[in-house]
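Undergrad: Sequence:
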Amino acid sequence: MVKTCTLAALSESCDFHCLIVKEDRKWWYFIATSGAIFFGGLLVILASRLFIKICNSKQSRLNPTKKDANKQRINRSHVAPEVQKRGIYVKLKEQAGTLITAQTFKGRCLVVISFLLSMLYIVLYAVEASYPVEHCLDMKIQKLWIFDIAFNLFFLLHFLLRFLAANDKLMFWVETLSLVDLLTIPQVFVSVVLQQNWLGLRFLRAMQFIRLADILQFLGIINSSGIITLTVMIGNLFALIFTSAGILHLVTMSTVGFGDISAITYFGRTFMIIFISIGLGMFATYIPAILEYLGSHTVYHGSYKLSEGRNFLPDAEMQSLLKKHFVHVSYFKGTVLSAEDCKRVKMKVADSCIVLCNRECVNPSEEDSENIMRVVAVKNYYPGIRVIIQLLQYQNKSYLLNIPSWNPKRGDDVVCISELKLGFIAQSCLSPGFSTLLANVFSMRSHETSDTTESDSWKTYYIEGANLELYTETLSSSFKGMTFQQVAEICFGKLGLLLIAIETIKPDGEKVFNINPLDKTIEQRTRGYFIADSASEVKRALHYCVNCHADVKQPELIKECDCSKENETDVHLTGVVNHAVDHDTAYLCFAPEGKQRNGKPPGKFDVYKERNHNRRNNKPHGGSRNLLFVEAVWSSKNASVSDHCIEVEEFKAVDPRLSFSLTNKQGGEAKQGTYKVLHKLKALKEQQANDGEKKPCFDISGTFYWCQPTRFENVLLTREDAVNIVFSHHILVCVFNEEDAPLLGLRPLVIPLRASNLLQSELKKIVFLGNKEYMAREWHQLCNFEDVFVLPGSPFCRADLRAVNANLADMVVFLSPSTARKTDDPKLADKESILASLNLKAMSFDDAVGMLSESTRNAFAGPEFHEAPQVERRGSAYGCNVPIITEVAFDQSVQYLDIDDEDDDDLELYLTQPFACGTAFTVSMLDSLMSASYFNPDVLTLVRNLVTGGVNQFLEEHIAEGDELKGGLDAAQTADTRSRCKIVQISLFDGPLAQYGDGGKFGDMFLHALQSSSMICLGLYRFRDSNKINIGIPSAKRYVICSPPYNFVLQQTDLVFVLAHSDPQLEKFK
1 MVKTCTLAAL SESCDFHCLI VKEDRKWWYF IATSGAIFFG GLLVILASRL
51 FIKICNSKQS RLNPTKKDAN KQRINRSHVA PEVQKRGIYV KLKEQAGTLI
101 TAQTFKGRCL VVISFLLSML YIVLYAVEAS YPVEHCLDMK IQKLWIFDIA
151 FNLFFLLHFL LRFLAANDKL MFWVETLSLV DLLTIPQVFV SVVLQQNWLG
201 LRFLRAMQFI RLADILQFLG IINSSGIITL TVMIGNLFAL IFTSAGILHL
251 VTMSTVGFGD ISAITYFGRT FMIIFISIGL GMFATYIPAI LEYLGSHTVY
301 HGSYKLSEGR NFLPDAEMQS LLKKHFVHVS YFKGTVLSAE DCKRVKMKVA
351 DSCIVLCNRE CVNPSEEDSE NIMRVVAVKN YYPGIRVIIQ LLQYQNKSYL
401 LNIPSWNPKR GDDVVCISEL KLGFIAQSCL SPGFSTLLAN VFSMRSHETS
451 DTTESDSWKT YYIEGANLEL YTETLSSSFK GMTFQQVAEI CFGKLGLLLI
501 AIETIKPDGE KVFNINPLDK TIEQRTRGYF IADSASEVKR ALHYCVNCHA
551 DVKQPELIKE CDCSKENETD VHLTGVVNHA VDHDTAYLCF APEGKQRNGK
601 PPGKFDVYKE RNHNRRNNKP HGGSRNLLFV EAVWSSKNAS VSDHCIEVEE
651 FKAVDPRLSF SLTNKQGGEA KQGTYKVLHK LKALKEQQAN DGEKKPCFDI
701 SGTFYWCQPT RFENVLLTRE DAVNIVFSHH ILVCVFNEED APLLGLRPLV
751 IPLRASNLLQ SELKKIVFLG NKEYMAREWH QLCNFEDVFV LPGSPFCRAD
801 LRAVNANLAD MVVFLSPSTA RKTDDPKLAD KESILASLNL KAMSFDDAVG
851 MLSESTRNAF AGPEFHEAPQ VERRGSAYGC NVPIITEVAF DQSVQYLDID
901 DEDDDDLELY LTQPFACGTA FTVSMLDSLM SASYFNPDVL TLVRNLVTGG
951 VNQFLEEHIA EGDELKGGLD AAQTADTRSR CKIVQISLFD GPLAQYGDGG
1001 KFGDMFLHAL QSSSMICLGL YRFRDSNKIN IGIPSAKRYV ICSPPYNFVL
1051 QQTDLVFVLA HSDPQLEKFK
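Heads up, the sequence shown is in UniProt numbering, so the first residue is 1 and it goes up one at a time.
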């Protein structure tokens, strides 16, 4: 029997083991305080909402028309971020959001600490439960109240941060965990005031168990959907049991009901009725599910089919993701085809509407049609909203032009997966590894380089480059009147920024985009495209002032000066610009020494005094070398002014498949050619002798090399035909689609390989290996391209691969099937491309033309044969050294491409070795392009220009007509279009940049290339094991380094990614 005491007796001598008598109890003080705070806060929230609504209604009445209000909202969305001044509330809200979500390290720590303290508070409650439910509090004798106060102060701080960061204050106020805080936190402070403790509702803190799955996922302990679901169920059971008197209700919930302990009061019995109704359902549902999961995991794996009549809820992983980002993300069930649902999500005040596609669908055309219909519904509900849609197939883009309110000038845009995917792959065929470099640039992510180990030290350089992003910023008025090359030199040398393109706005509002332009002068309001670490670094290009920052030696000290604050940036400093350009007095270029990142202190200054006379006078640089050749000279015998034939001398480049040792293996390890090889040599020599110089012809837009439509039967090859053609330096594309499979749309793959800014000598033969009937369906998109062949067969057949000389190909492409079959596990969609890739890597070749010795070639083909560029390089004896790029649909499948790598199964895609080396491509990287397009609409413009080969709006409208492609333009008519910039790879072993190949610095090479040839160096393609000393056989794999720091040491085996111009001789047509 518990001892009872009156309050008067306890005031003289506090006995906390004594229960206060019923007449002196003040438990209702505690409940009334929590109730007053709850209803008071609810009233304040509702009153503030009403006040805001009244203010908005008054403001809407002040606007003349609804149309003008919509126009103001649209214009506001295009205002520069620096113009929109944020209030203190918005800043506090953002800071609070970063602290309570698991997006940052601080946020994860705070969330985990809050959960752990809640668990400790439950232990503290269990200790205090040995005392009477209401007893006196003596602060001098009792010490547990100190822990009570400390814990609840932390809970109060966490509650205030969550309230401040919540987007919907009303929903936050009434959610479960908020009610737990409102019913538990005030009681501790009331007990201190009354000097009287009441255990009351403190047990509700055990409701924090429902967050168990989220906490374990934040810590990285659980990842899969099945274990997350299991943890959620266990957490819910624990929360219900511990908040309901523990073992008593566990017995009741399991329907055992011993009866030794039972409720006496009416309140207790009512509670038991409600508890049994809820607990029995949970117990009957969770326990069998947990046992089934422990017995077999098949319930939680594989594909799922929603049962009819049930409400759709996101899966466990999606729910955990929503909870992790709950401050910024809200989930609604509905459809944009319903006006009510559009109103629910407040579409009219949204900045943008992003429509994502289902890449795992069975019918891509139907999926695109449904998404286009959703765009129609969105535009019908509110024409002024900006829409970014993701489509699967290239040919469906044209339907968006039929929507009356579709307006690209207002920000509407489309990300076509097939167009960009095939464009990335095509550019990788011309410059291996470029797909990885560009994908890392527009993906918004960061990773610590300290996570790398000594065995994979190459990842340090790779991750540093992968952390860079693409930014746009308005150029300072100090750059006005300079050429692009001069501005790029200042940005790299003094500001530590890599400028690659500019965008100007015409008086009529039209945007003009130029990548590394030759003859462009910087105008007012010109925006620059930069590759940099952060947006704060790019601000240097906006704040740069030749008056205030001429003597600044550290780039991070370049900030907004008094000139810009006084609105004097519009003044054109003609004298200063002319002084910097026309005189020998050189400006200072920053070359950092201590840090490994562009533009970081400390450093020294290098003076560059050399200037080209043509560049000073803003004339085309006539002395610039061709990027793919050491020199270009006019042939006195064969050249004339009318036909403009150019004879070039090609330099030797280090083949990407060779090891670091430039000497060949001795001892007869390499097998010599057979009679079959000699037959190929003679056939190839005769073919080259018969081939004359063909006059190029281009399409009506001047974008690509065009020819009259070719019949499909004329390009079909047998194995014997392929052997006689002697394919070399070609591109082999392996297609796995069956006859009735949805079309891939292969035109976007071929257009970049036939781009008009390529020289005729750079055009490579393209061979498609796949199903004959399927390729016949695709041929109407390929019939206007020359040197495109089709070999009916299978990419798994080694005889077919040998027939087309896969080991002599410049690139072998394995395209993943368009969709997975209905009966297959979706994750098995990559089985064809992976198995075919492994099959080729396991092959060996002994009939490679390039493996013949020099004496053998001279004896059977003549001493002049080795001068032919088609057989100049060495063929690959082993399939593992053949350049390959494999497309996979699922990121997890990348780990199967390189069996010798040490990548973990849960490693992010961009950290895997195949992706870092540019040998794997997955469409998931295009998802990040959607978010990048929202934040910066110009990013998509840059990506399209780089990967599609210069496809413009005029060509897209022509393709949308559905008719065959028209052409017939000659070289003179397309000179302007053909002179556009392109991506090339330059070897440092020989060529225009060879002087920096042996220990030179990247910064010095960058400035030399920019000054001498107007080239912009984007990064390097380096051998993976080039920095390892004690290694047996070095790997032939290379990895990508984007924009290395100034003092980065170069090697002879490096390949440089360069933004270069087409043949300088095109300038004569202008």
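Among the hints, a few may not be true.
Within a straight-line C-alpha distance of at most 30 Å, the following computed BS3-like cross-link-like pairs (lysine-lysine) qualify [said to hold, decoys possible]: (1) 91 to 506; (2) 26 to 91; (3) 169 to 409; (4) 93 to 397; (5) 553 to 409; (6) 1001 to 553; (7) 93 to 506; (8) 506 to 53; (9) 3 to 143; (10) 539 to 506; (11) 3 to 169; (12) 93 to 53; (13) 765 to 553; (14) 511 to 553.
Distance windows between CB atoms, simulated [to be verified]: (15) 339 to 534: 40 to 46 Å; (16) 98 to 760: 52 to 58 Å; (17) 534 to 780: 45 to 51 Å; (18) 234 to 534: 39 to 45 Å; (19) 234 to 106: 26 to 32 Å; (20) 292 to 366: 51 to 57 Å; (21) 285 to 957: 54 to 60 Å.
If you're looking for bench data, these hints aren't it; they were derived computationally from the structure.
Every residue gets a Cβ at the ideal spot worked out from N, C-alpha and C, and that includes glycine.
Undergrad: Next, verify each hint and record whether it holds.
TA: Taking the hints in turn, this is what the structure says about them:
Proximity of residue 91 to residue 506 is assessed by CA-CA distance (about 36 Å); at most 30 Å being required, the pair is judged violated. Simply put, residue 26 and residue 91 have alpha-carbon atoms about 42 Å apart, too far for the 30 Å limit, and the pair is violated. In summary, the hint linking residue 169 to residue 409 is not supported, as the alpha carbons are separated by about 36 Å, beyond the 30 Å threshold. Taking the CA atoms of residue 93 and residue 397, the gap is about 40 Å. The hint is violated against a cut of 30 Å.
Annotation: proposed proximity of residue 553 to residue 409 is violated, straight-line Cα distance about 41 Å (limit 30 Å). Our distance criterion of 30 Å between C-alpha atoms is met by residue 1001 and residue 553, whose separation comes to about 20 Å. The straight-line distance between the Cα atoms of residue 93 and residue 506 is roughly 39 Å, outside the 30 Å bound, and the hint therefore fails. The hinted pair formed by residue 506 and residue 53 fails the criterion: a straight-line CA distance of about 41 Å is larger than 30 Å.
A distance of roughly 22 Å separates the Cα atoms of residue 3 and residue 143; the hinted pair therefore holds under the 30 Å criterion. A hinted pair counts as satisfied when its Cα atoms are at most 30 Å apart, and residue 539 with residue 506 qualifies at roughly 24 Å. Proximity of residue 3 to residue 169 is assessed by CA-CA distance (about 46 Å); at most 30 Å being required, the pair is judged violated. Taken as a hint, the residue 93 and residue 53 pair is honoured in the structure, with Cα atoms around 21 Å apart against an allowance of 30 Å.
With a C-alpha separation of about 51 Å, the suggested pairing of residue 765 with residue 553 is violated against the 30 Å cut-off. Our distance criterion of 30 Å between C-alpha atoms is broken by residue 511 and residue 553, whose separation comes to about 35 Å. Separated by about 42 Å at the C-beta atoms, residue 339 and residue 534 satisfy the suggested range of 40 to 46 Å. In this structure, residue 98 and residue 760 meet the distance hint of 52 to 58 Å, their C-beta atoms being roughly 55 Å apart.
Between residue 534 and residue 780 the Cβ separation comes to about 47 Å, which falls inside the hinted range of 45 to 51 Å. Between residue 234 and residue 534 the Cβ separation comes to about 42 Å, which falls inside the hinted range of 39 to 45 Å. Residue 234 and residue 106 have their C-beta atoms about 28 Å apart, which keeps the hinted 26 to 32 Å range intact. For the pair residue 292 and residue 366, the beta carbons lie near 36 Å from each other, so the given range of 51 to 57 Å is not met.
A beta carbon spacing of about 57 Å between residue 285 and residue 957 agrees with the range 54 to 60 Å that was offered as a hint.
Hint compliance for this structure: hints 1, 2, 3, 4, 5, 7, 8, 11, 13, 14, 20 are not met, and every other hint is.
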